[in-house]
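Q: If you read the sequences in order, they're chains Z and W. Per my numbering, residue 57 is the first one in the first sequence, and the count goes up by one each step. Per my numbering, residue 370 is the first one in the second sequence, and the count goes up by one each step.
Errors might be hidden in some of the hints.
Below, simulated EDC-like cross-link-like pairs (lysine to aspartate or glutamate); rule was C-alpha separation at most 20 Å, straight line [what the hints assert, rightly or not]:
hint : chain 1 : residue 1 : chain 2 : residue 2
1    : Z       : Lys311    : Z       : Asp257
2    : W       : Lys387    : Z       : Glu89
3    : W       : Lys387    : Z       : Glu95
4    : Z       : Lys211    : Z       : Asp257
5    : W       : Lys387    : W       : Glu414
6    : W       : Lys376    : W       : Asp410
7    : Z       : Lys258    : Z       : Asp325
8    : W       : Lys386    : Z       : Glu89
Residues from chain W that keep clear of chain Z, each with C-beta distances beyond 12 Å, as calculated [claimed, not checked]:
hint : residue
9    : Tyr374
10   : Lys376
11   : Lys380
12   : Gly393
13   : Tyr424
Interface residues of chain W toward chain Z, partial, derived using beta-carbon atoms under 8 Å [claimed, not checked]:
hint : residue
14   : Met370
15   : Leu373
16   : Gly398
17   : Glu401
18   : Glu405
19   : Leu408
20   : Leu409
21   : Gly423
22   : Ala426
23   : Asp450
None of these hints come from the bench; they were simulated from the model. Fair warning: this is a prediction, and the values are worked out from it, not measured in the lab. Where is the CB? At the ideal position from N, CA and C, for every residue including glycine.
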Amino acid sequence: MMEDAATHDQSSWFQATARQRLAGLLDPRSFTEFLGPSERVESPHLHIFDLPRAFDDGVVVGRGALGGIPVLVAAQEGQFMGGTFGEVSGAKLVGLVRAARDHKDLPQTVLLLLDSGGVRLQEANAGELSVAELMRAIVQARCSGVSVIALVGGKSGAFGGAGLTAATCSRVVVSEQGRIGVTGPEVIETNKGVEEYDSRDKSLVWSVCGGKNRRLIGMADAFTEDSMDGFRSAVRAQLTHVARLDLATLQAEQKRLTARQEKFGSCEDAVSMWKILGVNDPQSIPDMDAASFIKLANGIEDANHDAR
Amino acid sequence: MLTLYFKHTAKQRLPGKKAEALIGVVASGNLEVLLERVLLDAACEVVIATPVVGYDATWEAVVAEFVERSSPGGLRISINDGGARPDTVFLRLMQGCALMESV
Chain Z
57 MMEDAATHDQ SSWFQATARQ RLAGLLDPRS FTEFLGPSER VESPHLHIFD
107 LPRAFDDGVV VGRGALGGIP VLVAAQEGQF MGGTFGEVSG AKLVGLVRAA
157 RDHKDLPQTV LLLLDSGGVR LQEANAGELS VAELMRAIVQ ARCSGVSVIA
207 LVGGKSGAFG GAGLTAATCS RVVVSEQGRI GVTGPEVIET NKGVEEYDSR
257 DKSLVWSVCG GKNRRLIGMA DAFTEDSMDG FRSAVRAQLT HVARLDLATL
307 QAEQKRLTAR QEKFGSCEDA VSMWKILGVN DPQSIPDMDA ASFIKLANGI
357 EDANHDAR
Chain W
370 MLTLYFKHTA KQRLPGKKAE ALIGVVASGN LEVLLERVLL DAACEVVIAT
420 PVVGYDATWE AVVAEFVERS SPGGLRISIN DGGARPDTVF LRLMQGCALM
470 ESV
């Protein structure tokens, strides 16, 4: 079912569908889908709202290989209902991570191709529940030695439950277009006022939520250009860098987050954070090409903390 | 939601051995098409689920034109529609057939 692939190495990750991303990321013909579209495991709720369903409920799960290393994969389709967590789409993600946790003969690396605005409002209770179950499953899987790597570079970003999910992963790989957050810009503006956060100021929104800032302040472990090849090589490089999750890791992470809050708590925008990080010319970051940015980010201590 | 069902007999079976293929996504102005090689001989069925009512005749015409052009014998085609225009529908159907014929 991976034939939907006019994909090649330089194709945009941002523009691609979930299935095209899997075709571009994994080794050719290595992918086997679980609960594929012909099984029609669809949302039982959407028709009540007179909304169309998708044969895979917007999540593709399966196994494959990346550079010869076996992996389990899940990809959210950000174009379908904003890639949201519903009863079925959520259960597919949870089931995949639990399978890695419980069956040591399965690949012990899980790649989550996140592209989601969060919980699907039409099935909110089931969606919220599945986010909680997914975070628990990821932590348990990591404790049992599984690496869970989040890939963020889709149109819907990783917000709400997807942002929380990214934060529970062993490693996060992001592109410039990949936004990560919990509460979206419009919601912050609605609740806190336009003085707090102007959601129409796109350069502010992207500089705060976008991949470059997330990489610089240590929310993402690797940055890539927006391409299939970029994500493939960035993920491959991370596969060998995953530390085991234990008490010491969590304590180090807590320490790191406390320090980050102290450091950046009073910043009004992303540029002032980059100034504190010691970037010489922080204004130049938004226009910087991927290769120069990766070099810059790799040289910044706060961006490369090993905790998580 | 509206469900439409069309049954045709194509001129011939669609070449190729691929059992199934999926093309497109359910998004505004887009649709997903699932093609399965499950029918006998030159039979072809198209099942459409759409939230947009009142375009039955347009769907019928697009499907008939598609069957005439690509002769998708043996296929059951299922569509989840997100309000796609007829040209997009036709394009996806043709792309789906090309996938089923590819190696």
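Q: Each hint needs a verdict: does it hold in this structure or not?
A: We went through each hint and held it up to the structure:
no.	hint	in the structure
1	Z/Lys311 - Z/Asp257	violated, 33 Å
2	W/Lys387 - Z/Glu89	holds, 16 Å
3	W/Lys387 - Z/Glu95	holds, 17 Å
4	Z/Lys211 - Z/Asp257	holds, 18 Å
5	W/Lys387 - W/Glu414	holds, 17 Å
6	W/Lys376 - W/Asp410	holds, 13 Å
7	Z/Lys258 - Z/Asp325	holds, 12 Å
8	W/Lys386 - Z/Glu89	holds, 19 Å
9	Tyr374	holds, 16 Å
10	Lys376	holds, 20 Å
11	Lys380	holds, 24 Å
12	Gly393	violated, 8 Å
13	Tyr424	holds, 14 Å
14	Met370	holds, 5 Å
15	Leu373	violated, 13 Å
16	Gly398	violated, 11 Å
17	Glu401	holds, 6 Å
18	Glu405	holds, 6 Å
19	Leu408	violated, 14 Å
20	Leu409	violated, 18 Å
21	Gly423	violated, 14 Å
22	Ala426	violated, 20 Å
23	Asp450	holds, 6 Å
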